[in-house]
Amino acid sequence: MAGVPVTVRVQREDFDLAAEVQALSAGRHDIGAVVTFSGLCRDEAGALSALELEHYPGMAEAEITRICEEAATRFGLQAVSAIHRFGKILPGENIVLVVTASPHRQAAFNGANFIMDFLKTSAPFWKKEHAADGIARGWVSAKDEDDSARDRWSKN
Amino acid sequence: MTTVNLVYFAWVRERIGRAEETLELPDGIVTAGDLLAHLKTLGEEYEAALEHENVIRVAINQEHVEHDEPIAGAREIALFPPMTGG
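Protein chains in written order, with our numbering: chain A, 77 to 232; chain B, 47 to 132.
Please note that a few of the clues may not be correct.
Claimed, not checked - In silico DMTMM-like cross-links for lysine to aspartate or glutamate, where the CA-CA straight-line distance does not exceed 20 Å:
1. A:K164 x A:E205
2. A:K219 x A:D90
3. A:K164 x B:E60
4. B:K86 x B:E99
5. A:K203 x B:E60
6. A:K203 x A:E137
7. A:K203 x A:D119
8. A:K219 x B:E99
9. A:K164 x A:E146
10. A:K204 x B:E60
What the hints assert, rightly or not - Computed footprint of chain A on chain B; a stretch qualifies when at least three of its residues, placed anywhere within it, have a C-beta under 8 Å from a C-beta of chain A:
11. 70 to 79
12. 89 to 100
These are calculated hints, taken from the structure and not from any lab test.
Glycine included, every Cβ here is placed at the ideal spot set by N, Cα and C.
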């Protein structure tokens, strides 16, 4: 869908949910629904002291943009923003943000859900866990359920 | 001989021991899969990184490709594990 504003940022610094929603909807009177999804770093019941996120500069932005544009077309979104952080992220801190806007709520909900399912399996980011006891826990393994979550979008 | 620019990420990068390199490839390497098979002959660090060849993801010029994709003309070929962002 040509002309739909798609904003993608890959950055080390934190983001502000309210500011991103404001930036996406400011000055517009056609948007009826805004959905935000944010993903945070868990501490795994105290076992985890941090996540280290590695990414592929250039491809990370390009791949998230491809996913957001596909979602905009598929669900008729009016605007999309996606931000993914990299570097060391502590429990309780933000990792990822997706904001979608549409005339009615279902498209915005579905669009955000679609973007997250594809982002998890196709955007070139890798998480490494730092344990609270100082012992490295290594790289997070990809989950089959994430592949299943992505594949359900091609079943209809 | 063909020259390729390779970049590695996450545990592929750690096991090979470098983030990027430029290699001369012998003739007969046509696809991304051929490239993986060739790299595994270059030393035990490559063997360790690419042991489970079917899980290794390949991107050519920053776009995902399958292992049967031809690599001719690629500016940059990336090898990495399944992604775990989000």
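Evaluated hints:
| no. | hint | in the structure |
| --- | --- | --- |
| 1 | A:K164 x A:E205 | holds, 10 Å |
| 2 | A:K219 x A:D90 | violated, 26 Å |
| 3 | A:K164 x B:E60 | holds, 18 Å |
| 4 | B:K86 x B:E99 | holds, 9 Å |
| 5 | A:K203 x B:E60 | holds, 14 Å |
| 6 | A:K203 x A:E137 | holds, 17 Å |
| 7 | A:K203 x A:D119 | holds, 14 Å |
| 8 | A:K219 x B:E99 | holds, 18 Å |
| 9 | A:K164 x A:E146 | violated, 30 Å |
| 10 | A:K204 x B:E60 | holds, 12 Å |
| 11 | 70 to 79 | violated (count 0) |
| 12 | 89 to 100 | violated (count 0) |
When held up to the earlier numbered hints, the structure conflicts with 2, 9, 11, 12 and fits the remainder.
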